[in-house]
Structures are given as structure tokens and as C-alpha cells.
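These protein sequences, in sequence, are chains A and B. Sequential numbering of the first sequence, starting at 1, is according to our numbering. Sequential numbering of the second sequence, starting at 1, is according to our numbering.
What the hints contain is simulated information worked out from the structure, not anything from laboratory work. Glycine included, every Cβ here is placed at the ideal spot set by N, Cα and C. Worth double-checking, as some hints may not be accurate.
Unchecked claim - Which residues of chain B face chain A? A partial, calculated answer using Cβ under 7 Å:
1. S21
2. A34
3. H44
4. I45
5. D47
6. V76
7. I77
What the hints assert, rightly or not - Listed next, with one range per pair, are the computed distances between beta-carbon atoms:
8. B:L113 x A:E100: 52 to 62 Å
9. B:A3 x A:R86: 49 to 59 Å
10. B:A34 x A:L253: 24 to 34 Å
11. A:R329 x B:G40: 38 to 48 Å
Unchecked claim - Straight-line alpha carbon distances no greater than 20 Å define the calculated SDA-like cross-link-like pairs of lysine to any residue that follow:
12. B:K27 x A:S268
13. B:K27 x A:E206
14. B:K31 x A:G50
15. A:K157 x A:A176
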Amino acid sequence: MELHEHLFRREAGRMVATLTRIFGVEHLALAEDVVQDAFCRALEVWKFRGVPEHPSAWLMATAKHRALDVLRRERTARTFAPELGRLLESEETLAPVVEELFAAHAIKDDQLRMMFSCCHPRLPEAAQVALMLHVLCGFSVDEIASAFVSTHAAVEKRLSRAKQTLASSERLFEIAEAADFAARLPTVHRALYLLFNEGYHGASAEAAVRVELCQEALRLAALLFAHPLGSTPATYALAAMMCLHAARLPARLDASGNLSALADQDRSRWDPELVAEGQRLLDLSATGPELTEYHVEAAIAAVHASAPRVEDTNWAQIVSLYDRLMTIRASPVVALNRAIAVAQHEGPGRGLEEIAAIADRDRLAAYPFYYAALGELELRRGKGETAREHFRAALALARNAMERRFLEQRMDACLRGAFA
Amino acid sequence: MSAFVYLYRSEDAAFRAAMGSPEQMQKSMQKWMAWMKQLGEQGHIKDQGHPLERAGRVVKGKRAITDGPYAESKDVIGGYTLIEAKDLAQAVELSLGCPILEGGGVVEVRPVLKTDM
Numbered sequence: 001m002e003l004h005e006h007l008f009r010r011e012a013g014r015m016v017a018t019l020t021r022i023f024g025v026e027h028l029a030l031a032e033d034v035v036q037d038a039f040c041r042a043l044e045v046w047k048f049r050g051v052p053e054h055p056s057a058w059l060m061a062t063a064k065h066r067a068l069d070v071l072r073r074e075r076t077a078r079t080f081a082p083e084l085g086r087l088l089e090s091e092e093t094l095a096p097v098v099e100e101l102f103a104a105h106a107i108k109d110d111q112l113r114m115m116f117s118c119c120h121p122r123l124p125e126a127a128q129v130a131l132m133l134h135v136l137c138g139f140s141v142d143e144i145a146s147a148f149v150s151t152h153a154a155v156e157k158r159l160s161r162a163k164q165t166l167a168s169s170e171r172l173f174e175i176a177e178a179a180d181f182a183a184r185l186p187t188v189h190r191a192l193y194l195l196f197n198e199g200y201h202g203a204s205a206e207a208a209v210r211v212e213l214c215q216e217a218l219r220l221a222a223l224l225f226a227h228p229l230g231s232t233p234a235t236y237a238l239a240a241m242m243c244l245h246a247a248r249l250p251a252r253l254d255a256s257g258n259l260s261a262l263a264d265q266d267r268s269r270w271d272p273e274l275v276a277e278g279q280r281l282l283d284l285s286a287t288g289p290e291l292t293e294y295h296v297e298a299a300i301a302a303v304h305a306s307a308p309r310v311e312d313t314n315w316a317q318i319v320s321l322y323d324r325l326m327t328i329r330a331s332p333v334v335a336l337n338r339a340i341a342v343a344q345h346e347g348p349g350r351g352l353e354e355i356a357a358i359a360d361r362d363r364l365a366a367y368p369f370y371y372a373a374l375g376e377l378e379l380r381r382g383k384g385e386t387a388r389e390h391f392r393a394a395l396a397l398a399r400n401a402m403e404r405r406f407l408e409q410r411m412d413a414c415l416r417g418a419f420a
Numbered sequence: 001m002s003a004f005v006y007l008y009r010s011e012d013a014a015f016r017a018a019m020g021s022p023e024q025m026q027k028s029m030q031k032w033m034a035w036m037k038q039l040g041e042q043g044h045i046k047d048q049g050h051p052l053e054r055a056g057r058v059v060k061g062k063r064a065i066t067d068g069p070y071a072e073s074k075d076v077i078g079g080y081t082l083i084e085a086k087d088l089a090q091a092v093e094l095s096l097g098c099p100i101l102e103g104g105g106v107v108e109v110r111p112v113l114k115t116d117m
């Protein structure tokens, strides 16, 4: 029996969500201990006896038994989930109630409850994302620190504060309340979007780590649209955007493991299944009056995905979509991407004009791809010397070895361009 | 061929710490299984053995039965395997691949006493 590559991590998220529902949100640490116990037991037994036929079910059953032990032993000393109240107090109802709470559909709902609880409005966005990764995706402090290129201490501090906020909310978010659900949903979308982007554009040099973040974001988005209240056009659009971008991940690194710009990517390596799934979700998103940033970003990704070669790209359409995005969520980075699309459509000179016209351009000063874009456009209009200076500025801001290699190669290209 | 027992010993706290994150635990388990599988394929496993609960009772006499072994010993036996090897040197050599060593644990390699001579 082969194990799914990240089975333990995934199951950790599922088990913690359900156990926290049972124990109550202030007993998150207890839930984490029970999960740890279940894994220890799996480790002890499986290494001698092999992996059971249904490893997930085995782990869940183990967690369930441990939960029953804990409830029986400690229910007089502690108050567990207030919303379950007395059901856990009597021996007659305890076992059937816990059994019901471990049913597959209940576990799905628990993950949603936890997802919404992690997006507590009092938490900064970065803390929401870290908390989701930790509690729902089973990432350890060190794994989050490495994914976000942060330190163990910084992540630990962020997580422990976030957990305090979570615990102080007294109960998990109630997903059955349609109005509350709808009110919190945009925050959840945003956190999933940031989680995905951390994988897609993030600073980690580990391609594998980044793919994992994207996969986790996609998995959580899928949980969201599987729920009747979660399957809104914006959720579908967000999931479509994730699929269409994730489809390109295999082509982002070339054969020698170097970063490859969108224009240079071998498009035959884009994942056709993810493109198709992205298209399907994008179609599902096209209902109702609301046009979110996710709709527009997904539409831009879909235009790229529909071009077999970079020359076939409908740049005019992409520029107009960026115009739309600027009216929904204007930012210097969106404006920069728009300028790059303008350059593709109307030439590098026009692109540079658009960049010069970006409001808040100083906010791009720490963004390596701002200078890289300037360099690329200068190079394209034959100014190798100026281009090289921009790439040098970008290089100084590069966040990892992969970006550095990419920018060094662009600098070399400037030299070749200048002497050609 | 002679018979040997591998006793897997580790300190409880170290055992927990070595577990780490779910991802690390899964990797650790997969290493164990790969190691066991390899030993089995090479015909060295006589009995895969059993994992042991890390605590039970320590009995020293009718009036001296205590919880344990954690009260007396930091070093807890977590399981055992019955191995077949040419000699002690080979049994030791084979044990070097055991993942418990990476987490600060110990494999005690003990020849089974030969009773037929």
C-alpha cells in the first residue's frame, strides 16, 4: 500500500478541525495533542504491520477513540464544545454523538468552520494565512517559515497570537448562518488568494514547497465550492484563477531548473487537465451581477491559456481586462502588469510610458520584477546598456538563487544585445 | 545463519521530539518501512516482531508493582524484531540502516542464545 505523499499533513488538518469542533475552540492545543498521538500510534503500528488498507480511515478512527478517552476522563474537569453542550456529558449520548461528528460530511463541514474561524477579522491577513496553513494543512512552524522565507521565531509568535485570538472567539464560526457566511466569505477568498500567490509568486526558492502551497490553496477552495453557501460565482472565479495559473507551474522552470518567463515557457508543458478544470470553473463563475477581481484575473489567465504560442496571445483583450482590474482593485503591481501587456500590444516604448505613468510607482521600489520589466522593455527597444542597469537593480532585490540566476542571464542577454 | 533480536530503544521525550511535524512523521515512517522491506527481501527477517506500548507495569514483587517503565528508565523499548544474520557483525551492519538512529534512538543487537550446543 503506497501512501499519498502528504497524507499525514492532510489528515492532520482534517483531524484537528473535527477534534476542535468536539473539544471547543479554546482546546485547540488538546486537539493537536490528540492528533500527534494518533500519528505516533500509526508510526508504531504501521512500521511493523505495514500501512492499512484505508490509512485515512485508520487515522480518523484512532483519533476518534482517543477523543472518547479524553472526553470520558476530563469532561468533569473541563467544559468542552459549548455548542454540543450536554450531549457529551452523558455516557448514553457520548459515543453516538462522537460517531456522528466523525462522519465524512461532518469532517468536511468542520474544515470549513475552521477555515472561516482562521479568517477572524481581528487577525491580519498574513496571520490568517499562516493559521490556515498550520491548523488546516498540517504545516509545522518550520515548514511555514521556510515557505514564507521567515524565521522560526517570527512564525511561532505570529501563530501563537493568532491561536489566542482564535481561542478567545469562544466558538468556531457557525457556517449554517447564511448571512454570517456571506459576510465572512470575502475575507476567506482573500486569504486563499494570498495562500495561492505565496506559492505562485512567493519568495521560497524551493519549487516543490511552492507547488505544495498552490495545491493546498486549491484543495481548500474546492472544499469551499463544494458547500452550498460557498459555491458563489466569486468562489468559482477564485478556483478557476488558481487552476489556470497552477496549470503553468510545470513550465515555470526550464529543463535546467531555471525560471522561465511566461513568454518563453514551453506551453506543451502546461497541464491540460488543470486548464480544462479552470475553464469549467470559469464558466460556472459567469453568473450573477458581481464581477470580482478573481473573475478578471481568471479571465486574463484564460486568455493566456487559450494561446498555443505567445504570438497568438490576444493582448488587446488582456489590456482591457487589466483596465477592468484597475477599477476593481488598483495597485502598482496590477498597473505594472497592465503596462507589460500594453508593451506586448503596442511596443516597448508605449509600455515604458505606461510604467512611467503608474501612480504610487515608488511602492514598486522593492519589487525585483519592476526593474526586471524596465530592463526587458529597454532591451527590446535596443538599449542594452540601460537595460543592464535595470537588471542589476533587480538582481540586488532578488529573493532567492533561482531569481538571481534568471536575472544574471538577462544581464548577459543585454551584453549580447549591445554587441550584436 | 544465527538469530538476533533488535530491541528498539529511545527516550520518550526524544521519541516525541523526533516525531516533529506530520510531514516529518510520514517521512520517518516511510523510511522505517523501506528499511524493513529491504531486510525482508534480503531474507533477514525471521519475525517482524511487535511494537510495544511505551508504558505498562514494572513488577518487582507482590508489593512492588509500579507504573513504568518510564519512572525507572529513560530508555524505553518501543518494539523488537527477530533477525537472521550470518554473525553478530552482519547483524550490526544491517541495523545501521535503522531510522531510529537518526532520531537519537538506539538499536540493541542481541544474539539469541543458542540452546542446541
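To see whether the hints hold, each was checked on the structure:
no. : hint                        : in the structure
1   : S21                         : holds (3 Å)
2   : A34                         : violated (10 Å)
3   : H44                         : violated (15 Å)
4   : I45                         : violated (11 Å)
5   : D47                         : violated (10 Å)
6   : V76                         : violated (12 Å)
7   : I77                         : violated (12 Å)
8   : B:L113 x A:E100: 52 to 62 Å : holds (54 Å)
9   : B:A3 x A:R86: 49 to 59 Å    : holds (57 Å)
10  : B:A34 x A:L253: 24 to 34 Å  : holds (28 Å)
11  : A:R329 x B:G40: 38 to 48 Å  : violated (58 Å)
12  : B:K27 x A:S268              : violated (33 Å)
13  : B:K27 x A:E206              : holds (18 Å)
14  : B:K31 x A:G50               : holds (12 Å)
15  : A:K157 x A:A176             : violated (32 Å)
Going through the hint list in order, the structure does not satisfy hints 2, 3, 4, 5, 6, 7, 11, 12, 15.
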